[in-house]
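Asker: The lines below spell out each chain.
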Amino acid sequence: MPAVIVAMAVVFGSLNPNFWSATNLSNVSRQMSILALLSLGQTFAILSGGIDLSVGSLLALVSVVCAQQMKDFGVIPGIAAGVIAGGLAGLINGVIVARARVPAFIVTLGMLVAARGAALTLSGGLPIAGLPREFLVLGAGYLGPIPIPTVIAIVAFLLAHVVLSRTRFGRYVYAMGSNEEAAVLSGINVANYKMLVYITSGVFAGIAGVILTARVISGQPTLGEVQELYAIAAVVIGGGRISGGVGGVGTTLMGVLVLGILGNGLNLVQVSSYIQNIVIGAIIVGAVYIDLARERRR
Amino acid sequence: MSAVPPFLDLHGIVKRFPGVLALNGVRLEVRAGEVHALLGENGAGKSTLIKVAAGVYHPDEGEIRIDGRPAVIRNPHDAQALGISTIFQEFTLAPDMTVAENVFLGREPLRIRALSIVDRRELVRRTRDVLASLDPQIDPEATVRHLGVAQQQMVEIAKALSLDARLIIMDEPTATLTSHEIERLFNAIARLKQRGVALLYVSHRLDEVKAICDRATILRDGAFVATVQVSSTSIDDMIRLMVGRDLKDKFPKVAVEPREEVLRVEQLTRKGVLHGVSFSVRRGEILGVAGLVGSKRTETARAIFGADPIDSGRIFLNGKEVKVRTPGEAIANGIALVPEDRKRHGIFACLSVRENIVLSALRQFSRKGLLDLRHEQRRAQECVSSLRVATPHLEKQVLDLSGGNQQKVVIAKWLNTNAEVFLFDEPTRGIDVGGKIEVYKLMGELLSRGAAIVMISSELPEILGLSDRILVMRDGRICGEFDRAAATEEKILNCALRGAA
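Taken in order, these protein sequences are the chains called G and C. Mapped onto my numbering, the consecutive letters of the first sequence carry residue numbers 29 to 326. Mapped onto my numbering, the consecutive letters of the second sequence carry residue numbers 44 to 544.
Please keep in mind that the hints were generated in silico from the structure rather than gathered at the bench. Treat the hints with care, as some may be off.
[To be verified] Capping the alpha-carbon separation at 20 angstroms, the derived lysine to any residue pairs in SDA-like fashion look like this:
#1 Lys386/C <-> Arg324/G
#2 Lys484/C <-> Leu503/C
#3 Lys386/C <-> Ser271/G
Turn these sequences into a full structure, and let the hints guide you.
Answerer: Rendered as structure tokens:
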């Protein structure tokens, strides 16, 4: 997969030298940061043997909550409210998946629809403008040469990596995804850790939603449509197994890079966005096919 | 030797997989009307050989002859057309269709050919004809999902017969059957034999091979060892051919003097499942639990382990009553469960050997919330060495290990939780002869460390060979208890079948 990414970069770079410009690279990374955060949450959900379809809609709900609270109470309370909204939605997903044992696909599908509805209800269907200037730094600012959303995404990647590879929670995520029944019989409190998985995914969606709000300079109830599907695609393109237990932060990063560079590169070489969708669709299926073919040959 | 060529003749079969020579010049000859056993330890190449005959794999070298004429089997369809049907352990029936629809799937008798309208009455009639010689009790219009395993197997056989199979390959057909069902299967096999159908019978259960097979071909490490007449070969001889060495003691029983009681269970009850199960087990003792499939032995173990809820009953450990409501609480109290279905309940197939071994004791490896991977490695290495787990390295996926080594990994997991009571549920199911002995030795080592073992097993020789005391269960009740010295297969079976000692 790294070879594919290098090849893509070389091809796009030779077709359009602007690809390698500092401005473009910084833009790509800024654009990718939202997908990156959603995909990290999705990584937890999929690794554990579940899925989180709600993250796209949660972007919208978080955005609306964040903007409204920010206008009433200020920047920090707004940001906090946004992240908490994401976490609470995740908690609701988690409780229903883990305690009521409704399949994650169904629960988060319901949340996908309901969160969108909640975002539209809270906002009356209209964008919420007039956010404080200081807040916009979160979307447009830089830390040295690196865009702030990129910095946040990098920190999130490192953190998620440590959690997945070096904590009990992380190990149990893999164990549940590999064999849930065996996890129960190994004394793991599967229900609790499942809830934690969906809360994690919700919190990542919360952070992504706040950053996105800063980037579009308003609370938007229509943000994030089909983003959940790109997040799932990013997880599996890199080699994460859709049924859980295999994958991790590294493979998800690969998937995010493939989707991000592809979108940017196709833009630069002026492929229409309609055709881009066709290409991306084919890549999603192709990448997973190659992965499976490799596994079957063993 | 008869002048008639054998139905199936495989010669010099070689099959390579990346890095593995799975079959190295194997020979197999199955005659019409014979039941031919295919024997070998796990990894000997039995499955690969069956898959070559079934058209799933192509041999890299070698010759296949059917009725003496060279044949090419490119895919399972070719195999069927040549009269070879295979019944794998995992059935290939469509669970939500009827028996009749399954038997004639893709070959339904049609009423109006042009419109592909199925003649249902004819379908049912033909299915009933085929089933008549196998199990007339099966309703052709029943949904397959609602049939038991044994009946589903009969439907698979019926399907093979309806395809005019001349050779039926059965992979471990009795693994999940009760002894009564096995008897029925054997009757069906006898009738197939009379009709001139050949059977290739793959099994680890040598007493069954002895009972129904005419000849046996033995493989070892992908190579042909011998084809023998079953009637003139003892079970010990067959084992010797399979493992290539003498197994002086099939059940290495460590003599440990049983000491004080560790676990006592009183009146364990779960409505409709367990009815007042009481027993105790001492340090250094193996308590064997015999019974038919469905006698609720697994349920008893799961209840003690907190995996299933109980309605009433008490559990005592070292004389103190404990509450066990979850597996976590059982583990904290020093109870371990080595489950029956290793793949479903025991191992984490895509996790590494190390991750499997430390999983139930991760707290020990946490420092300030972070796992100490080096500590994990050290401990896993100790377990791998002391249990003699055959693995190239600690990061190998458990999936890639043999059944016996997977079982050792499951046992290793419990060595880290300070378990004192081990509940073994069918500890050697699906494990080859050499692996079984290794597992038995480990059980002996656990005993000498002061552990107590409850061993559920459906293999009576195992129960008799290893247990200090034997309980017999039937319908969720304990219906008999025997001392090692007094127990015989007949007594135990009698008790398990009739419910009286």
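Asker: Which hint numbers doesn't this structure obey?
Answerer: none
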